[in-house]
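Novice: So you can see what is in the structure, the chains are spelled out below.
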Amino acid sequence: MTDFFGIPLPALLGQLLLGLVNGSFYAMLSLGLAVIFGMLNIINFAHGALYMMGAFLAWMGLEYLGLNYWVMLLLAPLLVGVLGILIERLLLQWLYKLDHIYGLLLTFGITLVMEGIFRSFYGVSGQQYAVPEALQGATNLGFMVLPNYRAWVVVASITVCLAVWALIEKTSLGATLRAGTENPKLVQAFGINVPRMITLTYAGGVALAAFAGVLAAPILQVTALMGSNLIIVVFAVVVIGGMGSILGSILTGLGLGLVEGLTKVFYPEASSTVVFVVMALVLLVRPAGLFGKEK
Amino acid sequence: MNALEIRDLHAWYGESHILHGINMSVQRGQVLTLLGRNGAGRTTTLRAIMGLTGRRQGSIRVHGEETIALPTHRIAHLGLGYCPEERGIFASLTTEENLRLPPRLSGGRATPMTEAQIYEMFPNLAERRNSPGTRLSGGEQQMLAVARILRTGADILLLDEISEGLAPVIVQALARMITTLKAQGFTIVMVEQNFRFAAPLADHFIVVEHGEVVASFPASELAAQQAKLDELLSV
Amino acid sequence: MSELILETRGLGKDFKGFTAVDGVNLQVARGAIHALIGPNGAGKTTCFNLLTKFLEPTRGQILFNGVDITGERPAEIARRGVIRSFQISAVFPHLTVLENVRIGLQRFTGTSFHFWKGLTGLKQLDARVLALLELVDLREMASLKAGDLPYGRKRALEIATTMAMEPALMLLDEPTQGMGHEDVDRVTALIKRVAEGRTVLMVEHNMKVVSTIADRITVLARGSVLAEGDYAEVSRHPAVLEAYMGTEATELQGAH
Amino acid sequence: MNRHHHPLLGYGLLFGAIALLPALGVYPIFVMKVLCFALFACAFNLLVGFTGLLSFGHAAFLGTAAYGAGHALKVWGLPTPLGLLFGMLAAGGVGLVFGLLAIRRTGIYFSMITLALSQMLFFFFLQAPFTGGEDGLQSVPRGHFLGIELANDLSLYYVVLGLFIAGFWVIYRTVHSPFGQVLTSIRENEPRAISLGYDVDRFKLLAFVLSAMLAGLAGATKTLVLGFATLTDAVWTTSGLVILMTLVGGMGTLVGPMLGALVIIALENKIGDLGKALADVSGISWFNGLGESVSLVTGLIFIVCVLAFRRGLVGEALAWWERRQAPAGR
Amino acid sequence: QISGDVIKIGIITDMSSVYADIDGAGGVEAIKMAVADMKGMVAGKKIEVIFADHQNKADVAASKAREWIDTQGLDLLIGGTNSGASLAMAKIAAEKKKPFIVIGAGSARLTNEDCSPYTIHYAYDTVALANGTGAAVTKGGGKSWYFLTADYAFGASLQADTAAVVAKSGGKVVGSVKHPLNASDFSSFLLQAQGSGAQILGLANAGGDTINAVKAANEFGVTKTMKLAGLLMFINDIHSLGLKTTEGMYLTDSWYWNQTPEARAWSRRFFEKMKRMPSSLQAADYSATWNYLKAVEATKTDDADKVIAQMKATPINDFFSKGQIRKEDGRFVHDMFLLQVKSQKDSVEPWDYFKVVTRIPGEEAFTKLADSKCPAVKK
Ligand SMILES: Nc1ncnc2c1ncn2[C@@H]1O[C@H](COP(=O)(O)OP(=O)(O)OP(=O)(O)O)[C@@H](O)[C@H]1O
Ligand SMILES: Nc1ncnc2c1ncn2[C@@H]1O[C@H](COP(=O)(O)OP(=O)(O)OP(=O)(O)O)[C@@H](O)[C@H]1O
Ligand SMILES: [Mg+2]
Ligand SMILES: [Mg+2]
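From first to last, the protein sequence lines are chains A, B, C, D and E.
So for the first sequence, our numbering puts the first residue at 194; every next one is plus one.
So for the second sequence, our numbering puts the first residue at 4; every next one is plus one.
So for the third sequence, our numbering puts the first residue at 2; every next one is plus one.
So for the fourth sequence, our numbering puts the first residue at 574; every next one is plus one.
So for the fifth sequence, our numbering puts the first residue at 1262; every next one is plus one.
This is chain A alone, in the form it adopts within the complex (with noise of 0.2 Å):
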């Protein structure tokens, strides 16, 4: 068998495909985060926290209404990007021509707000929330035993971030979003209805946030704190790949993944400043991440 630095290659390549199935949810994280940056130039530190509640529904749906997971698979984000409708015309409306601190600081107190909601109705130790039947078991292959829903997680989160992609940068409606955040007004007198586009981009980003909580609630406790904790790295990641570009945020996010599996045989301990370690070492090398534009 070979080995590698004292690791055997299987067990090595079982750790890499962990890496991935975590980078799928990074990858998906980030891209909505980047979308929002890219569309709306708002931080949206509330990212983590609509994740949370696209877990809380998935969870939700069953426990009140029996809805299964296929099902609150489509209906949270679809709530969740209600609750973004509400909250761009409520409040992130007023922020697009300041700086971002502002955004970031308003949709951080978002943040706190849905947090402390959540732990004060169902406390913060969490809930449980099963596999759905159809992904139960596992698969071998070979080299490790593969739970079968996480590789679903990595099917179903690359298929959106490629979907995603295509439609923001190959589409000329992707074009017209582009536009839309950099000069509104002028768009907006070419005969496009922005503020419709703004408040659907918005809708769209934080859609893409539920989907991966509802994704992310079989394998995780479905806790208040579970954005909060994931917020700070997906931020580093779409840091990484470069503010607003989408293509970046989605290798990044997988390819973040597999650098953190590769640190928790290595050095498991650093596996949550690794991001940061690779953070500071690409902004030296390249001022605006891997795939960003400089100005």
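For the record, the hints were derived by calculation from the structure and aren't laboratory data.
Some clues are possibly wrong.
[As the list claims (entries may be wrong)] Just a few of them, taken from the derived set where beta-carbon distance is under 7 Å, the chain C residues facing chain D:
(1) R85
(2) H95
(3) L120
Where a beta carbon is used, it is the ideal one built from N, C-alpha and C, also for glycine.
We have chain A; now place chains B, C, D and E with the ligands onto it with these hints.
Specialist: Frame of chain A; chains B, C, D and E with the ligands shown alone:
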């Protein structure tokens, strides 16, 4: 029916009252030129037509339809194409995407130009079609700004200082373009600092001063009005 | 010292495969007003950015007073006396007019890193500042915030700030752009006045300005030098007529 | 323009009032804690408000100095002033390293690099044996300060106030110095400052190190006051907290960050009491729960602040004052 | 002799963050129940309860404690969860000479290196947990151990203490992996654990980390080859994980609501108010308050030294526990319990989660005086 009919238009930026009752009308197929000193309110007039200022008051009819209460995108769809003073090229879009950005206007009555026609008119743009919009030089950006509203089918063009910062050859090309457009039946409202550029093109002149119209005459009276005009435009 | 204050040899700049400036050999004589003209996108602003090292040249050399300064940082070049203005007006909007100019002068006091000192030491510069403001007719506005000035006055303030640096070579990027006729004439006269005893390299579209004050003109097109000479020579040059001035050039009237 | 005539008089009155607080029955330890954070926020503001650099890793300096001073006082047994100085210098050293790495980046990337570096430092503090992990470095002795016995809360109070005034004075001086003028010009228009021959990176670096050292002074003093240093001092949320303090108070104003620190620290410490008082007065028992909802209430405050008081409390007050003055002035 | 004519009891705990469920508002309620059971009066004076959220920040905890003592005339300080916060508060209490009862914090330092005559450590500590689970599980046949450890001081000491016990009981530790706090995804660590071939997976972590680790262990089938032992788990963790995932797990706790009729009776009362069963910490909150008030009643004073002397002299015997607070270091030495999680079909009612496997006598569970690092312990 006039293509554009403005009555007693007032406009504000925040608390400052910029336009104090503008009156003007443009017939279909005509070129109207707004003259005036820096800061007289010409750009503001165009922006007010598009609904881009703060508060507006009065009446603006586009092809007879009242637009004072409409949101900007609805106004545009009545057939207006706006080329702003600061050009407004999008940095995140390539030249080509910038060009393709404005949609076909539902109320536009003109035949939209094809991309090929546009690239023929502005070869610089064809060459730089894949580079980000704001990486174009100042002048190239100006060309792009004009070019992109020709694709929409807009039949009323609002052009703000389009000859600004352009090389003489290009300015001449633009003059020819406007003559052609006029022949095709476009209605054009131009704001120009460059009188030499504007003079041969316009059918009608309006001089704006402190947000009011202080002179208004057809091109035929230009010679007669020259003295007054010089006085109004000089310091 | 040589006749030439600034010289470039084979200066070039590529942007991701697009060559914006290509093999430019520029020679600016000491004491001259040298104009750089050319169609839009010819690479004039890029040239300025290369000369002041706001952009890194892809190839070529820059010599100032015969010294190779290609490897120096922007601030170093500025300290040699090569001071630029910007195409879009560049003042410090929240500082007063007086403070704007004083920032320029302050560097010579050697106290710029002194965070423990008060501002009284700088007050002694005020007399010189006011003299400079006088030169550009801004003395009465000395205590206004620079951001509140009208556009034309901002450009004048910029020139005053540049003057404070005692520049050996001033680089002015379209100093009259976006101005009304009155301001254009005023600024033209101002440039003429401040050019005495120093060298000016300017980018300008306004042919009236160029023809009245430029001693020498370099025409750029598509990144390289198309022609060079005084106004009479250049304006007759067939390639220049075709690429830049067009058929109306005889009227001595540019875009303004 | 009358109010500009005696700015120092105004500060004198302010500090005089603070000096009197304990005599009025205000709890001195609370005020000391507020003073520490106020200095921290002022130091941060020197960078963001007057130089235009938004650091997202300022807790690193607070934490470094807190641990540094704590270790020097407790383990090495250094005299208190030297311990504080050591903490400050340690923070300055870290600031120099961070600064050298981060200064060349601008905007959000600058913020992110400082965040990344401070997270790495946090990891170091977590792993290093001398910090005591999440239990913290406990029982740091107060000792004497230039002959003053600090065990008494009141003598400590005046020493801390003195340190705060010294720190604040440095900031005031810096802002109103030739150096401060250059910083302002960099914040307003960096390319223009470069073209005037200023090596902006070196100016930014000095500002960064100054800010780090002052933040360090705050951290070291805090350790002295509370008697311990913990990971909380170095964690990223503390970097967030100082941003909030500065914004709530008013970025780019000298007193704003102080007020912001007061508001945030009071919120953290007193909201439970406030809830109880509200419940007692109004008879609505729901308010009793306020104490458990610090973060929820904080969240609401931020939302309101961003929507309605964007320039911060002091900034809004100044703007209001100017609006009132304007018609009279013209 | 009662200062300020009122007995003021203050609790400072995590009310809003990761440990809020195991103590938090429920802990406050338990204290209020004890006060209510005293009819709100002791030695003829009123009893008042105040509480604060330290948000897991030591400086908030310490400044609040100091402020209460300095300005509110606090008579008893109760420290909830979080060791850092409790250590900081212990310093204040010692300096100000006020009784401080630690309930929720686990660090054994509180009665060792950092002991104080004014600190009473009430419910449990990491040593007791290690002794309980480590010894019982090893003796029960779990000879080889692998640790999944939070990269924090409590994780490290939990692992070290347990490893020592395992070795003493004849088992061996084959490996360990450290994970960062709030790691959220544990699959990778679990795979490493599985690769070790050990029989027992010791979870030297807490709260959300333990919960997510257990979840992932189920998902990856680790539970089929290894038995899980939670070294710092509470009933709330089991409640939120559900029996299906936790069935068969071992853990050690100081108390279980269903262990005796008295405990059951009290817990039902608690349930009425909080709509969930109490954790051991919440029961300890009640017990500590009750016994403190009894001591005040007996001594007719709120003088810290006298009351503490009285508490340390009186054996404790209530629904929470039986035992004695050690004079030397303030450790409340009482029995601990090794619990095993029931399977779903064995669970007959809500919150019926544990089977008591063994009772671990207090003397075995807690640090022996001979091993104590407390300077006040004379050797
Ligand atoms: N966004 C704005 N907010 C406030 N005032 C404005 C704004 N834009 C323009 N103004 C003011 O409105 C007045 C008219 O400006 P406008 O731009 O319409 O002038 P103009 O005739 O187009 O002149 P220019 O030659 O400068 O383009 C000026 O006094 C200007 O200062
Ligand atoms: N940062 C950049 N990246 C890519 N291309 C650039 C960049 N800057 C300039 N260019 C390109 O280089 C060419 C020269 O631009 P430059 O701004 O120097 O022109 P200019 O001569 O100053 O024109 P104008 O008179 O219109 O201002 C243009 O085609 C422009 O698109
Ligand atoms: Mg205009
Ligand atoms: Mg240019």
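Novice: Could you run down the list of hints and mark each one as holding or not?
Specialist: Hints and how they fare:
This hint holds: R85 (chain C) has a C-beta 5 Å from the nearest C-beta of chain D, less than the 7 Å allowed. For H95 (chain C), the shortest C-beta to C-beta distance to chain D is roughly 6 Å, which falls under 7 Å, so the interface hint holds. Interface hint status for L120 (chain C): upheld, as the beta-carbon distance to the closest one in chain D is roughly 6 Å, under 7 Å.
Every hint from the earlier list agrees with this structure, and none is contradicted.
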